[in-house]
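Protein chains in written order, with this note's numbering: chain A, 9 to 445; chain B, 162 to 471.
Just so you know, the hints here were simulated from the structure itself, not pulled from any lab data. You may find that some hints are simply not true.
Below, a list of computed lysine-lysine pairs in the DSBU-like style, where the Cα atoms sit at most 35 Å apart [said to hold, decoys possible]: (1) A:133 with B:222; (2) A:279 with A:205; (3) B:222 with A:231; (4) B:217 with A:425; (5) A:231 with A:149; (6) B:222 with A:95; (7) A:149 with B:222; (8) B:217 with A:238.
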Amino acid sequence: MKRMWKKYMAALMAAVTLSVTAACGSSVGASDVPVVPSDGDVTIRLNWWGGDARIKATEEAVKGFEKEHPNIHVETEYSDWTGYWDKLAVQSAGGNAPDVMQMDELYLAFYGSMGSLLDLDKASKYLDLSGMDAATRAMGKVEGKQVAAPATTAQYGVIVNNDILDELGITLPDTSRWTWDDFERVAEQVTERSGGKYIGSIAPNNGYGLQLWARQHGDALFKGNAIAIKPENLASFLNLPARWAKNGIEGSAERWSENTAAALNDSDFGKGTQAMMITQATMITPYAQAAGTDNMSLVPMPQTEPGAKTMYFKPGMYWAISSGSQHPAEAAMLVDYLINDKNAGTILGTERGIPANNDIRTMLAGQATGTDRKALDFVDEIRSTVGKAPAVTPNGASELDKTIVRYQQDVVFGKRKPLDAAKAMIAELQESIDFNS
Amino acid sequence: MSSFSEFGSLVKNRHKPKDKPTDTKVALGFLAPWLIGAVCLSLIPMLYSLVISFTKYNMIKPPQFVGLMNYRHMLADPRFLNSLAVTLTYVIISVPLQLVAALALAVLLDRGMRGLSFYRSAFYLPSMLGGSVAVAVLWKMVFGSDGLFNAFLGLFGIDTSMSWIANPDTANWTLIALHIWQFGSPMVIFLAGLRQIPRELYEAASVDGAGTWRQFRSITLPMLSPIIFFNLVMSVINSFQTFTQAYVVSGGTGGPSDSTLFYTLYLYQQGFASLRMGYASALAWIMVVIVAVLTGINFALSKFWVHYDD
Numbered sequence: 009m010k011r012m013w014k015k016y017m018a019a020l021m022a023a024v025t026l027s028v029t030a031a032c033g034s035s036v037g038a039s040d041v042p043v044v045p046s047d048g049d050v051t052i053r054l055n056w057w058g059g060d061a062r063i064k065a066t067e068e069a070v071k072g073f074e075k076e077h078p079n080i081h082v083e084t085e086y087s088d089w090t091g092y093w094d095k096l097a098v099q100s101a102g103g104n105a106p107d108v109m110q111m112d113e114l115y116l117a118f119y120g121s122m123g124s125l126l127d128l129d130k131a132s133k134y135l136d137l138s139g140m141d142a143a144t145r146a147m148g149k150v151e152g153k154q155v156a157a158p159a160t161t162a163q164y165g166v167i168v169n170n171d172i173l174d175e176l177g178i179t180l181p182d183t184s185r186w187t188w189d190d191f192e193r194v195a196e197q198v199t200e201r202s203g204g205k206y207i208g209s210i211a212p213n214n215g216y217g218l219q220l221w222a223r224q225h226g227d228a229l230f231k232g233n234a235i236a237i238k239p240e241n242l243a244s245f246l247n248l249p250a251r252w253a254k255n256g257i258e259g260s261a262e263r264w265s266e267n268t269a270a271a272l273n274d275s276d277f278g279k280g281t282q283a284m285m286i287t288q289a290t291m292i293t294p295y296a297q298a299a300g301t302d303n304m305s306l307v308p309m310p311q312t313e314p315g316a317k318t319m320y321f322k323p324g325m326y327w328a329i330s331s332g333s334q335h336p337a338e339a340a341m342l343v344d345y346l347i348n349d350k351n352a353g354t355i356l357g358t359e360r361g362i363p364a365n366n367d368i369r370t371m372l373a374g375q376a377t378g379t380d381r382k383a384l385d386f387v388d389e390i391r392s393t394v395g396k397a398p399a400v401t402p403n404g405a406s407e408l409d410k411t412i413v414r415y416q417q418d419v420v421f422g423k424r425k426p427l428d429a430a431k432a433m434i435a436e437l438q439e440s441i442d443f444n445s
Numbered sequence: 162m163s164s165f166s167e168f169g170s171l172v173k174n175r176h177k178p179k180d181k182p183t184d185t186k187v188a189l190g191f192l193a194p195w196l197i198g199a200v201c202l203s204l205i206p207m208l209y210s211l212v213i214s215f216t217k218y219n220m221i222k223p224p225q226f227v228g229l230m231n232y233r234h235m236l237a238d239p240r241f242l243n244s245l246a247v248t249l250t251y252v253i254i255s256v257p258l259q260l261v262a263a264l265a266l267a268v269l270l271d272r273g274m275r276g277l278s279f280y281r282s283a284f285y286l287p288s289m290l291g292g293s294v295a296v297a298v299l300w301k302m303v304f305g306s307d308g309l310f311n312a313f314l315g316l317f318g319i320d321t322s323m324s325w326i327a328n329p330d331t332a333n334w335t336l337i338a339l340h341i342w343q344f345g346s347p348m349v350i351f352l353a354g355l356r357q358i359p360r361e362l363y364e365a366a367s368v369d370g371a372g373t374w375r376q377f378r379s380i381t382l383p384m385l386s387p388i389i390f391f392n393l394v395m396s397v398i399n400s401f402q403t404f405t406q407a408y409v410v411s412g413g414t415g416g417p418s419d420s421t422l423f424y425t426l427y428l429y430q431q432g433f434a435s436l437r438m439g440y441a442s443a444l445a446w447i448m449v450v451i452v453a454v455l456t457g458i459n460f461a462l463s464k465f466w467v468h469y470d471d
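Chain B on its own, in the form it takes in the complex (with noise of 0.2 Å):
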């Protein structure tokens, strides 16, 4: 979003006299590669999307203007409702879940202990790998009925042949599991932020004869709140639109029983199963909407526990 405010400054100050024009002209030189691709990739798309979004369109006859008939018929559409709960389920377990691992491994390694860096590669690497699709098959074996987990299971004497991706009340566990799963990213962010915590502070609470916990809370915490409040804003938008690892689980159906049909899931199915194109585009721009009122709240709620060091 900022460069689409840079360019707009841009093209603005194309009109101011102190301006060389040619400063301009370069700049936008420059810019063109990202320019072209924003404009022609995204924005034309997204907006195109948006008329659609009016139409019923199946991508083979012309899209044909119905209003808001797309809009209306979500309220009606028992699957969309559900698709909604199960992604809201998902994105408040998991994204706590998740930050508070990150958080707590960040503190641990911080500490210095040695063999740091291997460490910090050997927890970051869930990240890189999370959202592949090959993981995404492996954790269908992992909590399939004679998988890894009833094997763990097994070593405490909890014998179950229960497949846990198959049974709807548990299908959406396994990937909150998997989620958390990928506490690597946020972690290496916390780590950087526990850095810039001046250590004099930790000093002057011990001599105040704060203990380890007392000190996290009143050192730690707040000063690393900006740093927490980003992950959980970036934790937010990007596990709303979870999509591979619930597509790849449930074979590409949602299920067993819906229980797994992620917002995206929900919408590719509409647009490239059913072929309601326009359908699927009223719900994408519905997700904007959510995503933009979801982060809308966290900055409202920032304010009562974010504290930036001025």
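Extracted from the complex, chain A is given alone in its bound form (with noise of 0.2 Å):
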């Protein structure tokens, strides 16, 4: 019976084995189908993450789309974020990616330097990218080539919720000069005149906030595939949250790691029980929803340096085209639909990011009220601080966000200091780039 057994077993790993040779010869799956549009009917895929309202708004461009070209039919697919990622991984190993998908800059490199995205400098008579800004349009390149079009902006603000503020008689200083003192001045006020029923503010926990803390210092986070960013710069930031837990500003240490994790309506900020909030502008609305607020501001980030030119349009989504697509043409129109037209501009609206496209922006400007209408002029308030864009994330660095928060709560539970918290995180984010590249 054992003899039988190894019959079976030695078979079985020649099977497996000629398998895993089969796919090593296999290409990475780009499809080399020409962009040329197709006569009859074609039938293209879109994929991305996102809650309810994003769902709904995307259908309905989605329907506009297919009203202007009768003959493409959309099928949409959508998950939520950390679902989006494993199923885009899967997808683009079976050779199953959809036509279009919405891609992230944190994962732009991966995907773009595996040859899974279309250059879209291929495409570029049905898409046209010269409606934004040459900077942001530049951060959707991957090794020289375009592979992605930004379809929004990020700008990094501080949300005031102005009721807190007025509740216990504080006022702002000049916020478009203000320093990281004046800021943490502000919001150690916050928790002491309310006896610790409010709190300031929560340290950021991500690429963006890391990023612009290292602008700020002079410094950059990445040159290429290098972790530039100097061992110092990183451990303050990773000790911010120590820093503000310590001095009362995000309440406790266990506090500010459950506003970290929770949903948006769970937060602190959220309930209106937190005064101000350093995130994306065009999250003043959700919020503002959440707190059941109308009075909330926004007001330019502190500095280390007031007025310095450290300030950049991170790209908030792209819309990225697969090489794999039989119908590259007919994707790029939909990509084309989704960024250009007005009304697809109207529909979609501030929901993922203020709009890359200028033209939509301002007008949307124009019709906007209340809270959209700040995070639209807040593009323009800025403006004077946003220096040269940087490179994107590169590829191995996706998990850049998770691994802020976790080199963070180590030095805001004790278990690390600052200095070797930075450096064991610079380690470990570059082995994982190297092993990468």
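Fit chain to chain and form the complex, with the hints in mind.
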């Protein structure tokens, strides 16, 4: 019986080895289909992550597209953020990626350098990218190829819940030139005067926040495929939650930790128990709705050196086309419609961020009211502090946001000293980037 | 596994002249649904993952052979060692506590109280729910800063706004509590085992003047030891593979500060978030080895305390 088994195992192993070597022979999945529209009916797939509001708006925009192009049918798929990337990886592995996909800056270099995304310059006849700033457009490039079209941009700022400041009798200093010291002073006052009923703010905890922090300290997070930030600058960023827990700005370490994991409606700022929030400008509308107030305003980020050109417009979301698409021309038309068409612009609004297309943005600003208007105007308000855009996050650093939170937690709960955490984080990220390149 | 050996003997018996060949064919025919599933959906992917574990593979580019690199990388990976520590802590603490709770309740219920079937179902309910996403979400709220647990503590004058989920020192304990709460299925098995113990033994013991505790120690425990052993082995294997609860409670991160980074969660992160399928496969195979070793230890130790009534 034993010998029989051996035979079967040997046969199985041979089959497995064969299938692996067979996989080695196949290409990465580029279709090399010429970028020309088909004559007949065509079905393409569109994929994105996001909540209910986005699903509704996007499906409506897609209907508008189908009306203009009666021979193109668009199948939509959507999921939440985490599920989206799991699914996209598996679909790409199986050569079954959607024709048009929503893309994020963290994953762009990975998919771009794997050859999974179509070079959009090949589709320039159907997809016009001239409506956006050159700096914004350049952030859709990987290894010199335009592999994605920025759909929206994100601008970090401070959203202020004026209800809380008014109740406590606190007035903001001149926020066009305020420093981190000014910010912390206001935030401390909130916690103090309210006796802990409200908290001042919570420390930023993602890649965009870290990029800005590095730039404000005359540093850069990445240089090509290297982590370039000085350990002491990273250490001070990782130490922010611990510092603000100690001086009361964010209540306590656990409260910060809980807030970073909470859904918008369950977070302190969403519940109206936090005075200031450092986040994307367009978040002002969902936060104002969650907290049930219109009395929110949007002010620039505090800086270490007031007025310095440290800001940049981070592409909020991109549209990318699979290099394996059988209908690249139709896919390009869909992307063009989503980013350049006035109708689509009105329907999609600022839900994905500030539209990258400047005409659409001005058009929306003309129609918008309330908090939406504030977010759209914010772009012009901070333009004088906008500098050169940094390179996109390198392949292998897609887990940047989660890594930052993990090391901040290590520091805030006293498991690591800030500088040790910074050095360990640089080593971990660098290892991951080197592994992928 | 037993089905595998059945299959083996079937294959072997095919050459025995005494057997009618049609029997074997019919048997194989009936086995086919299982056999095809086991080979195509379990065996081949498992062996494939063994091959993948010796490669660098990100699911998009073809796998690249790297020898033992993935296995060597584990030794230098602090997050892997931490995930092992987190998981072992969880297993070593939650399994015995869960079994003690299950046994205690089974003994109480076995006393023939009124409404037994109601209590049995009521206590069994958490076992059916405990592994689900909904309960994990509920758990997150129960142990949050303004959750039910703090309200409960408030009844005793302990006023705290501590978030048990968001603190790395307590996060794993909330998951241990969740595991213990699911004592229902071992309890049902214990109950069945208790019914098997002959009543005469207790009667004889009480005639001899043995008290309740003495009866429990000298009759119940030894007579039940094969069942306890079975529950122990199954619990260790199952709890080592815990995933859903940690994934939901920590939002997939294993946080705060990697305090709930269970082995399977880390494996999942490496495979599907960092797209290191080769490394994730190597982790999976090391987990097979660890679970096998733990089970082996359990079997080796069993001869000192498990009594089989022959």
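Comparing the hints with the structure gives:
Straight-line distance between C-alpha atoms of residue 133 of chain A and residue 222 of chain B comes to about 30 Å, which keeps the hinted pair within the 35 Å bound. As the CA atoms of residue 279 of chain A and residue 205 of chain A are separated by approximately 12 Å, the hinted pair is consistent with the 35 Å bound. Between residue 222 of chain B and residue 231 of chain A the CA atoms are separated by roughly 25 Å; this keeps the pair inside 35 Å, and the hint holds. Restraint check: the Cα-Cα separation between residue 217 of chain B and residue 425 of chain A comes to about 33 Å, which is no more than 35 Å; the hinted pair holds.
For the given pair, residue 231 of chain A sits about 15 Å from residue 149 of chain A by alpha-carbon distance, which is consistent with the 35 Å threshold. Annotation: proposed proximity of residue 222 of chain B to residue 95 of chain A holds, straight-line Cα distance about 16 Å (limit 35 Å). Straight-line distance between C-alpha atoms of residue 149 of chain A and residue 222 of chain B comes to about 20 Å, which keeps the hinted pair within the 35 Å bound. Between residue 217 of chain B and residue 238 of chain A, the direct Cα distance comes to roughly 31 Å. Compliance with the 35 Å bound is thereby established for this hinted pair.
Of the numbered hints stated above, none is contradicted by the structure.
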